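Peer 1: Order-wise, the sequence lines are chains A and B.
Residues in the first sequence are numbered consecutively from 42, following the working numbering.
Residues in the second sequence are numbered consecutively from 8, following the working numbering.
Hints may be right or wrong, so weigh each one.
Where chain A lies over chain B, by a calculated footprint (3+ residues, C-beta under 8 angstroms) [as the list claims (entries may be wrong)]:
(1) 89-102
(2) 202-213
(3) 224-232
(4) 289-302
A short, non-exhaustive set of chain A residues, derived as facing chain B with CB atoms under 8 angstroms [said to hold, decoys possible]:
(5) A53
(6) L61
(7) V67
(8) K69
(9) V107
(10) L108
(11) F119
(12) I121
By construction, these hints were calculated from the structure, which means they are not laboratory data.
If you're wondering where the values come from, they're calculated on a predicted model, not measured in any experiment.
Here a beta-carbon is modelled for each residue, glycine too, at the ideal position from N, C-alpha and C.
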Amino acid sequence: MVMASVWVSILAMSVIFLVLSVLIGVIKVLVHFMPYVEPPAPPAKPKAAAPSAGDESELIAAVHAVLAHHLGKSPQDFSITKINPR
Amino acid sequence: MEFSLTDSIARIAGSTGFTALGGGQVVMILVSLTLLYLAIWKKFEPLLLLPIGFGCMLANLPLSHMAYDAEGGLFNLFYWGVKHEVLPPLIFMGVGALTDFGPLLANPYTLLLGAAAQIGVYTTLIGAVVLGFNLQEASAIGIIGGADGPTSIFLATKLAPHLLGPIAVAAYSYMSLVPLIQPPIMRFFTTPEERKIRMAQLKPISQNVKILFPVASTILCVLMLPGVAPLLGMFMIGNLFRESGVTGRLHDTAQTHLINIVTILLALSVGSSMTAESFLTFNTIKIIILGLLAFMMATAGGMVFGKIMCKLSGGKVNPLIGSAGVSAVPMAARVSQKVGSEEDHSNFLLMHAMGPNVAGVIGSAVAAGVFLSLFGDVSAGHAVLDAVPEFLLASAQ
């Protein structure tokens, strides 16, 4: 009985190695014929066009008016000296 | 009808469970309380040991009709799912849905580590035969070394249903003890230099390969070992739900609600099989000892093969990933990572260890398939293989 169990063990281990070796072969074939392809990079977002000098003065005027309204002051009471673009 | 207060009190007292409570049941209730303690306060596989413990407690409360063999009882119905191999394969489907084959596909040679770790199954098989079990019982005990609860339950139900309770408890208990059992063995088999080996980053795998692998491996494995179909087939369909990308709802269900529901039913059924008559035997002690041997030998087998792969690859494989070949997903892989990081904090072995870890699941399912081919209830397709045990027995005499 003990010898039978030894034989069963040897046979079963052989079968397991055989089956898993076949799976290794399958994986190798699959990977060979279907290699990983890098997905195409998403199209870059076009950068917002830098405002021209005329646009910038209109922007400053608009911000100036909104700020004056928000602060409850007259537009002449303060001035915007600098806008840092980000 | 004449009413007698004394008779009525005696009748009520006689109908309580206390009158039928035996010593064996008291011991089993204590065992169930121990399992509950381990699950709740020690966090040993609580998702399984808690329902197993409670199922065991209910089954051993006299006159409750909650034992697995109580005709018409609730757990008798649940047990139907174990007896007719419904529940363990459904668990496998959930595990498949949770499994990423990417690391295995990126380094397919780690499948051999999953095969090598099955040495624990077969040394335990031999040990069980030495201790007086027959080959069917020894096979069911040996599969504990596969460190895979559903496979252990599946095979025990097929080959040794009377040993289901102790086998399931041993399997799940030792699985929870993997972080304690494995590290000393891993350190014993490796040098600090080997534990520091850094492995190359895994290559990415195309989605088509991930989709085709479960299909191709199912066809091949089931053709080679038809007995493995319920476990491996369900494991692979669960994975196909995941990888196909077209069955999101099925994938979600399989990996969450379904696996949780089936775990409850399976664990309660296993607990209900732990009756005093079936559990309180000398065989249970033998199985608990053999289960520990199975886990230790499986770890050692994976480590030895890991060292062989390390030598053959010129030091590119860290042998610590070999211990993950014992299944127990993902705990065994985490143990490889932990032991490796003790030597080098910036060495990340987890993904490399997931390859052999997943290979261990396939390996233990294949080992179960081999046992079923040899000793199972053979159908027409198995008839040719049924001659093998006789040949083996004849050659051994």
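Peer 1: Check whether three or more residues of the region 89-102 of chain B sit with their beta carbon closer than 8 angstroms to a beta carbon of chain A.
Peer 2: violated (count 0)
Peer 1: At a Cβ distance under 8 angstroms, does chain A reach at least three residues of the region 202-213 of chain B?
Peer 2: This one holds; 4 residues, not fewer than the three required, reach chain A with a Cβ under 8 angstroms.
Peer 1: Hint V67 (chain A) vs chain B: min CB-CB distance below 8 angstroms?
Peer 2: Interface hint status for V67 (chain A): holds (5 angstroms vs cutoff 8 angstroms).
Peer 1: At a threshold of 8 angstroms, is the proposed contact between F119 (chain A) and chain B supported by beta-carbon distances?
Peer 2: At about 55 angstroms, which exceeds the 8 angstroms cut-off, the nearest Cβ of chain B leaves the hint on F119 (chain A) violated.
Peer 1: Would the hint on L108 (chain A) be counted as holding, given a Cβ-Cβ threshold of 8 angstroms to chain B?
Peer 2: 50 angstroms, violated
Peer 1: Grab the minimum C-beta distance from I121 (chain A) to chain B and call the hint holds if it beats 8 angstroms, violated otherwise.
Peer 2: Hint violated; I121 (chain A) Cβ to chain B Cβ min 51 angstroms, cut 8 angstroms.
Peer 1: The region 289-302 of chain B covered by chain A? Criterion: 3 or more residues, Cβ-Cβ distance below 8 angstroms.
Peer 2: violated (count 0)
Peer 1: Would the stated hint for K69 (chain A) survive a check requiring a Cβ distance to chain B of less than 8 angstroms?
Peer 2: With a minimum Cβ separation of about 6 angstroms from chain B (threshold 8 angstroms), the hint on K69 (chain A) holds.
Peer 1: Against chain B, is V107 (chain A) within 8 angstroms by beta-carbon distance?
Peer 2: Interface hint status for V107 (chain A): violated (47 angstroms vs cutoff 8 angstroms).
Peer 1: Can the region 224-232 of chain B be counted as covered by chain A under the rule of three residues or more with Cβ-Cβ separation shorter than 8 angstroms?
Peer 2: With 5 residues close enough to chain A, the hint holds.
Peer 1: Answer holds if the nearest beta-carbon of chain B is closer than 8 angstroms to that of L61 (chain A); otherwise answer violated.
Peer 2: 4 angstroms, holds
Peer 1: With a cut-off of 8 angstroms, does the beta carbon of A53 (chain A) approach a beta carbon of chain B closely enough for the hint to hold?
Peer 2: 4 angstroms, holds
Figure legend: structure checked against the earlier numbered hints; hints not met, in rising order: 1, 4, 9, 10, 11 and 12.
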